[in-house]
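Enquirer: Chain Y: place on chain R using the hints.
Chain order of the listed sequences is R and Y. Just so we're aligned, residue -11 is where the first sequence starts under this note's numbering, counting upward by one. Just so we're aligned, residue -17 is where the second sequence starts under this note's numbering, counting upward by one.
The set of hints was computed from the structure by calculation and includes no laboratory data. Hints may be right or wrong, so weigh each one.
25 Å max Cα-Cα, derived SDA-like pairs, lysine to any residue [said to hold, decoys possible]: (1) Y/LYS120 with Y/GLU102; (2) R/LYS49 with Y/ILE389; (3) Y/LYS222 with Y/ARG148; (4) R/LYS112 with Y/ASN358.
Given next are the chains, with one letter for each unit.
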Amino acid sequence: MSLEGLYQEIILDHYKAPRNRGSVENPDIDIFESNPLCGDEIRIQAKLDGRTIQDIRFEGKGCSISLASASMMTEALKGHAHDHAHKYIDGIKAMMHGEDKLNDEELGDMEALKGVADFPARVKCALLAWTTLEKALNDRAARKG
Amino acid sequence: MRFDAAGLRKEFPILSREFDGKRLVYLDNPATTQKPRAVIDAVSRFYEHSNANVHRGAYRLAEESTAAYEGAREKVRGFLNAASVEEIIFTRGATESINLVAYAWGRKHVAEGDEIVLTEMEHHSNLVPWQLLAQEKKAVLRFVPVENDGTIDVTRAAALITPRTRLVSMTQVSNVLGTINPVRRIAELARERGALLLVDGAQSVPHMAVDVRDIGCDFFVLSGHKMLAPTGIGALYVRKAVLETMPPFHGGGDMIRQVFLDHATWNDLPWKFEAGTPNFADAVGLAAAIDFLSAVGLDALQEHERALTGYAIGRLGEMAGVTLYGPRDVALRGGVVSFNVEGVHPHDLATILDRESAVAIRAGHHCAQPLMKRLNVAATARAGFYLYNVEEDIDRLVEGIHKAEEIFKT
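Just chain R, with the same shape it has in the complex:
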């Protein structure tokens, strides 16, 4: 896979103009994670309404892949239910192994992340936001018993 497959216009667009960047007031989810390999950092905050993710925003320092992925994630999950988040988390993880669990319509912009599967050193970058959110959701579920 070529560099063009990795650095598609849509990725660069999300990197340069990230969606939903910032913080949420009185967040129900507030999690900070860093990638020990590279020092990249992400903070995800979300406001929940029942089982719906009413608002979700992120802040972070990182490469184009990790920030674009975070930006796309917030777009895909805002206004949707928890289950939707888990479906996407599984789908994006599978995508990194070259597996198609989500269809093109479900993927939208995130189809551009498919190219990352050919760059094993960068898979962690693409997954940072997703695994961080997954941890927050699991922690919250565990707390609620």
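Expert: Same frame as chain R, now just chain Y:
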């Protein structure tokens, strides 16, 4: 005579590799160096010809392997100009060497309220072992600040080294900034105040002539794999008067004299500090690496790297979007150049350099997170040079940076 880097490169089988038809340009030398045929052959020959456990066999093969292992120790002693082979302990590398000192020397000699002076530019390996010791002993860590030009100020260091200081531990060459620290002057300061000095030589001894007695340090650590030798072999120098006060590090075979059910007595120096079967095969590789470096000549090598560093700083410095870290004066630095390209994260840069130009560089925090905070960056890109690098490698680096800027242009 001109330094024949292109000729030396031919001695390194891996450097003939190509990616997408392009010759590999390897610039991740501060992480690990490539191995010349002579080192690879020395290790293979040892396994094919001389392999047996050392120090105990009563047969000729074991005598041969013991002689090879102890010969390697003598080689390291000579390379560092230590007074005696009793002062040279083989370890897995610089990290284990520092942990040995923190454990065996530190636990005996550092008490509550004592101070250990480090710098803000240390690799995690020369920071975390002291944090562990300080937590256990309620000792205090003090840090010599890194100045804006990437150096440390001896006057500020002098103010931090006091009669409470038990140890000063610092790198001789920064793995991020390339800064060469004034360890000889620091050794004097430490001595005046009754403190000991550990010098982390992981990034210095592969690239410049080092004399531990001239520096006047009490401990000196190195990693073989950063100086053409195999991974998993390194060394620790400890001045004999200090080593004689230290209890063992690991317990086990080879480090003992007599063992009873309830206690044991210790072997002579340096074997008291080498428990278990040592990594003798790679020690033989380290000896071959030292022979290789000695034949090249450390002064000529340092001059070569200085010229490359100057060329790199010049080429990168004229690029509008590039920020360079570390001293601008090449006389004050080794062959490590850290930089950032505006609008391009170091990881993206590293990926593009690899895929577009077959140039291998490092991107990240370089195991120096506190230094990254001091520089106010999350990460940097890093190119480090060695005896097989040529100016064309830097041209390829610059070309790749242009390509990255093109991809990320706004």
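Enquirer: Against each hint, give a clear statement of whether it holds in the structure.
Expert: Taking the hints in turn, this is what the structure says about them:
1. Y/LYS120 with Y/GLU102: Judged against 25 Å, a Cα distance of about 20 Å means the pair holds.
2. R/LYS49 with Y/ILE389: 20 Å, holds
3. Y/LYS222 with Y/ARG148: Satisfied, since the Cα-Cα distance of roughly 18 Å is no more than 25 Å.
4. R/LYS112 with Y/ASN358: Holds, at about 23 Å.
Consistency note: the structure conflicts with none of the earlier hints.
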